[in-house]
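Peer 1: Each chain, letter by letter, is given below.
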Amino acid sequence: MLFRVARSRSGEKISHYDLYKVDVKKGMTVLDALFQIQNYMDPSLSFRYSCRGAVCGSCAMLINKVPRLACRTQILELADTKVKLKPFLALTEAPLGWNPESEVLVEPLPNLPILKDLIVDMAPFFDALKQLELWVVPKEGTEPRKQSPEERKLIDRYVNCILCGLCYGSCPVNAEHKEYLGPAALAKSWRFYQDTRIEERERYLQAALAPNGAPLCDLVMNCVRVCPKDVAPGGAIRRIKQSGSS
Amino acid sequence: MYEYDAIVVGAGLSGLRVAIELAEHYEVAVLSKVHPLRSHSVAAQGGINAAMSENDSWESHAFDTVKGSDYLADQDVVEVLTKNAPLAVIENERWGTAFSRTEDGKIAQRPFGGAAFPRTCYAADRTGHNLLHTTYEQALRHGVQFFDEWFVTSLVRQGDRIGGVTALDIATGAIHGFAARAVVIATGGFGRVYGHSTNALINTGDGCAIALRAGVPLKDMEFVQFHPTTLYGSSILITEGARGEGGYLLNKDNERFMKRYAPDKMELAPRDIVARAIRTEVLEGRGFEGQYVHLDLRHLGAEKIKERLPGIREICMHFAGIDPIEEPIPVLPGQHYSMGGIDCNVHGETVLKGLYAVGEAACMSVHGANRLGGNSLLETLVFGRLVGQAVSKYLEAAPKPQAAPVDEAAFTVRQDLQHLLMHDRGETPAQLREIMQHVMDEMVGVFRTKKELETALREIRVVKKRFVNVSLGRSDERFNYALVRTLELRNMLDLAESIILGALSREESRGAHWRLDFPHRDDERFLKHTLITKTDDTFSVSYKDVNLGKFEVKERSY
Numbered sequence: 001m002l003f004r005v006a007r008s009r010s011g012e013k014i015s016h017y018d019l020y021k022v023d024v025k026k027g028m029t030v031l032d033a034l035f036q037i038q039n040y041m042d043p044s045l046s047f048r049y050s051c052r053g054a055v056c057g058s059c060a061m062l063i064n065k066v067p068r069l070a071c072r073t074q075i076l077e078l079a080d081t082k083v084k085l086k087p088f089l090a091l092t093e094a095p096l097g098w099n100p101e102s103e104v105l106v107e108p109l110p111n112l113p114i115l116k117d118l119i120v121d122m123a124p125f126f127d128a129l130k131q132l133e134l135w136v137v138p139k140e141g142t143e144p145r146k147q148s149p150e151e152r153k154l155i156d157r158y159v160n161c162i163l164c165g166l167c168y169g170s171c172p173v174n175a176e177h178k179e180y181l182g183p184a185a186l187a188k189s190w191r192f193y194q195d196t197r198i199e200e201r202e203r204y205l206q207a208a209l210a211p212n213g214a215p216l217c218d219l220v221m222n223c224v225r226v227c228p229k230d231v232a233p234g235g236a237i238r239r240i241k242q243s244g245s246s
Numbered sequence: 001m002y003e004y005d006a007i008v009v010g011a012g013l014s015g016l017r018v019a020i021e022l023a024e025h026y027e028v029a030v031l032s033k034v035h036p037l038r039s040h041s042v043a044a045q046g047g048i049n050a051a052m053s054e055n056d057s058w059e060s061h062a063f064d065t066v067k068g069s070d071y072l073a074d075q076d077v078v079e080v081l082t083k084n085a086p087l088a089v090i091e092n093e094r095w096g097t098a099f100s101r102t103e104d105g106k107i108a109q110r111p112f113g114g115a116a117f118p119r120t121c122y123a124a125d126r127t128g129h130n131l132l133h134t135t136y137e138q139a140l141r142h143g144v145q146f147f148d149e150w151f152v153t154s155l156v157r158q159g160d161r162i163g164g165v166t167a168l169d170i171a172t173g174a175i176h177g178f179a180a181r182a183v184v185i186a187t188g189g190f191g192r193v194y195g196h197s198t199n200a201l202i203n204t205g206d207g208c209a210i211a212l213r214a215g216v217p218l219k220d221m222e223f224v225q226f227h228p229t230t231l232y233g234s235s236i237l238i239t240e241g242a243r244g245e246g247g248y249l250l251n252k253d254n255e256r257f258m259k260r261y262a263p264d265k266m267e268l269a270p271r272d273i274v275a276r277a278i279r280t281e282v283l284e285g286r287g288f289e290g291q292y293v294h295l296d297l298r299h300l301g302a303e304k305i306k307e308r309l310p311g312i313r314e315i316c317m318h319f320a321g322i323d324p325i326e327e328p329i330p331v332l333p334g335q336h337y338s339m340g341g342i343d344c345n346v347h348g349e350t351v352l353k354g355l356y357a358v359g360e361a362a363c364m365s366v367h368g369a370n371r372l373g374g375n376s377l378l379e380t381l382v383f384g385r386l387v388g389q390a391v392s393k394y395l396e397a398a399p400k401p402q403a404a405p406v407d408e409a410a411f412t413v414r415q416d417l418q419h420l421l422m423h424d425r426g427e428t429p430a431q432l433r434e435i436m437q438h439v440m441d442e443m444v445g446v447f448r449t450k451k452e453l454e455t456a457l458r459e460i461r462v463v464k465k466r467f468v469n470v471s472l473g474r475s476d477e478r479f480n481y482a483l484v485r486t487l488e489l490r491n492m493l494d495l496a497e498s499i500i501l502g503a504l505s506r507e508e509s510r511g512a513h514w515r516l517d518f519p520h521r522d523d524e525r526f527l528k529h530t531l532i533t534k535t536d537d538t539f540s541v542s543y544k545d546v547n548l549g550k551f552e553v554k555e556r557s558y
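Chains as they are written, first to last, in the numbering used here: chain A, 1 to 246; chain B, 1 to 558.
By construction, these hints were calculated from the structure, which means they are not laboratory data. Predicted model, so just to flag it, every value in this text is computed and none were measured. For every residue, glycine included, the Cβ atom is placed at its ideal position computed from N, Cα and C. Just to be clear, a hint being listed does not mean it is correct.
Computed footprint of chain A on chain B, listed as stretches where at least three residues anywhere in the stretch have a Cβ under 8 Å from a Cβ of chain A [stated by the list, open to error]: (1) 38-47; (2) 229-237.
A few chain A residues facing chain B, derived, Cβ under 7 Å [said to hold, decoys possible]: (3) Tyr49; (4) Arg72; (5) Gln147.
Can you make the complete structure from the sequences, with help from the hints?
Peer 2: Quick look at the structure:
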């Protein structure tokens, strides 16, 4: 199988694509293929990785024009996994010569500055956590708080977010507005706002309603379609918008 | 050159918890070769132990831990761990961790192997993920300074104490010196010495290796935990929680074979026993395709699987193409946890003044010859806080570090790396890594013999010789992961040698270390911790006593 991999030695933009012939076996993932390339064909190829089991979020990238985790993407099943997304430039502009039938196209995650090859600068993505102060300021005490299973369920899907950034890279609003906080940070705000254990929950909602937050969202829902953990940020943002306007 | 009061190496749960403790009063920086949220703590599934239910007690938790350790754990350290357990869990709950709940709103607890009570607090099967994200949020709140994607290359000695570290900024390829009065190693385990491992690809024991090279001994390295149930093919962890919730282990004759090995505890015997049972079934021809057994969850029903084990279901569907609601899971034992690590005491102090170790990188030792499930997350948070306090106290009187030794060390590392990068032709690092992992998988596994261990030692030493001529190929300075992975390999080769030496010298069977040629525990000779010291290129083995206490050393049966 041929892999067409975006390269960028000095960052900023994709400078060219390199073609590699990878020996693909059943069960092999795109991450496995990238290691085969780095180990035996081209040690200069850079990409991030860590858990290889879809829990850490390191290897978010654009594979066949869909933002995915490389470690969880089975190569032989790629042809059958179509994901319908609202298009923007990074998702529509294909490199010359790419044949989707016979080649896997691997590119950096869109909407974040490219540092080298498949590595993007995640700072704008993570900085939102600090901007919105997405943490609990604990009250003094030595007892665990109570929370019914039903209350716990309210936040279940949001606490599963691994902050991989796939939603951010799939979002047409992020593509256009650099200042937009993005789906993950807003979903996390909603997670805290919905957490019945926390006092002063209102601040998370207010933070999410900042001008560069929920109001910018067009409810396109690309984030919901690419999320590897069913967090569905779009649903949370919809509710944030509703709460803000009521 | 950078200067801090304290440097924490590693940003998993242990490192973050230490940093939080220090951040209020001291200048502290955390260096991590990945973003903190990509640390391996995120992958812990099953849970965190704490005696919190009515009839449970820290003494019972301590006894289970000591017995589980095959009496090799230091009982004073176990006492500290188990007494502080509820506090660690409650603190994280109050920070926001979304634990699973009982009907009356309490933190839910599930049964785990080797435990007398359902003592394992959990957040579905994503406990590590929840704890790590919460702890990271608190580190951000405290303004902890992070150096993400910095690879620490050496420890800097300043006479009899630590003076700082040198580190590679992966983004630029530059080597920098960090002067510090205290350094805490929290780099986690070294599972990637093995090929079949549940560990993240980044678990290469860098902190242990640089400590060893700085003259600090490693302890109990031969005790490598093989998790009984890893997914056939990718070796991804299938949590003990799956058995805690009632999963069965079946051989190809559809028999619950655990009745032969631990009739009372069955699937909930400690990990070493279950791992050996599965290996035995396979070796005696009762495995599927000669390699694995089945973990059957089907009788638990769709609802329970979806609620308690959603991550496991996801892993099975994405990495093995099966739905555990409908099909049994193919599993086999794989490397999982490193009981051994940097020799340190209950405060994390090592023989080098100002150098501390904590978490899986450390060997205090709370796990002895075999760790019980749910005790590792616990160790990170309990000792993260306590080691942080110890460092804090040390810093009150510790002298300022000198710049000169740090600068010199950075200079030496730069030279060393340039030398490494200059090799035009030679061995491919990936090939050497494959050989190392194959040797460890095949000869230093669940069952061991003198003959195999001697062969393994010989082969690892050959690989080390070949490493001298390793050639990385052409790359750029920026984000040179070929370089990072080669440095990791060099670290792992030292650790592999330490594991084999410890295993070869320990002529007994205890916990996870099982010698077919010495099938019994030998308290007379080996109720002791192994120490491995490296001087120049020579490794030496010595022993030190186990701290015994209230629990009498007895035969271990389940």
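Peer 1: Verify the interface restraint on Gln147 (chain A): the C-beta must sit less than 7 Å from at least one C-beta of chain B.
Peer 2: Nearest chain B Cβ about 5 Å off; hint holds.
Peer 1: Arg72 (chain A) was flagged as interface toward chain B. Is the shortest Cβ-Cβ separation under 7 Å?
Peer 2: Result: holds, 5 Å to nearest chain B Cβ.
Peer 1: With a Cβ-Cβ cutoff of 8 Å, does the region 229-237 of chain B contain at least three residues near chain A?
Peer 2: holds (count 4)
Peer 1: Could you check if Tyr49 (chain A) really has its C-beta closer than 7 Å to a C-beta on chain B?
Peer 2: 6 Å, holds
Peer 1: Taking beta carbons only, do three or more residues of the region 38-47 of chain B come closer than 8 Å to chain A?
Peer 2: With 5 residues in contact (Cβ-Cβ under 8 Å with chain A), the coverage given for the region 38-47 of chain B holds.
When each numbered hint is compared with the structure, no violation occurs for any of them.
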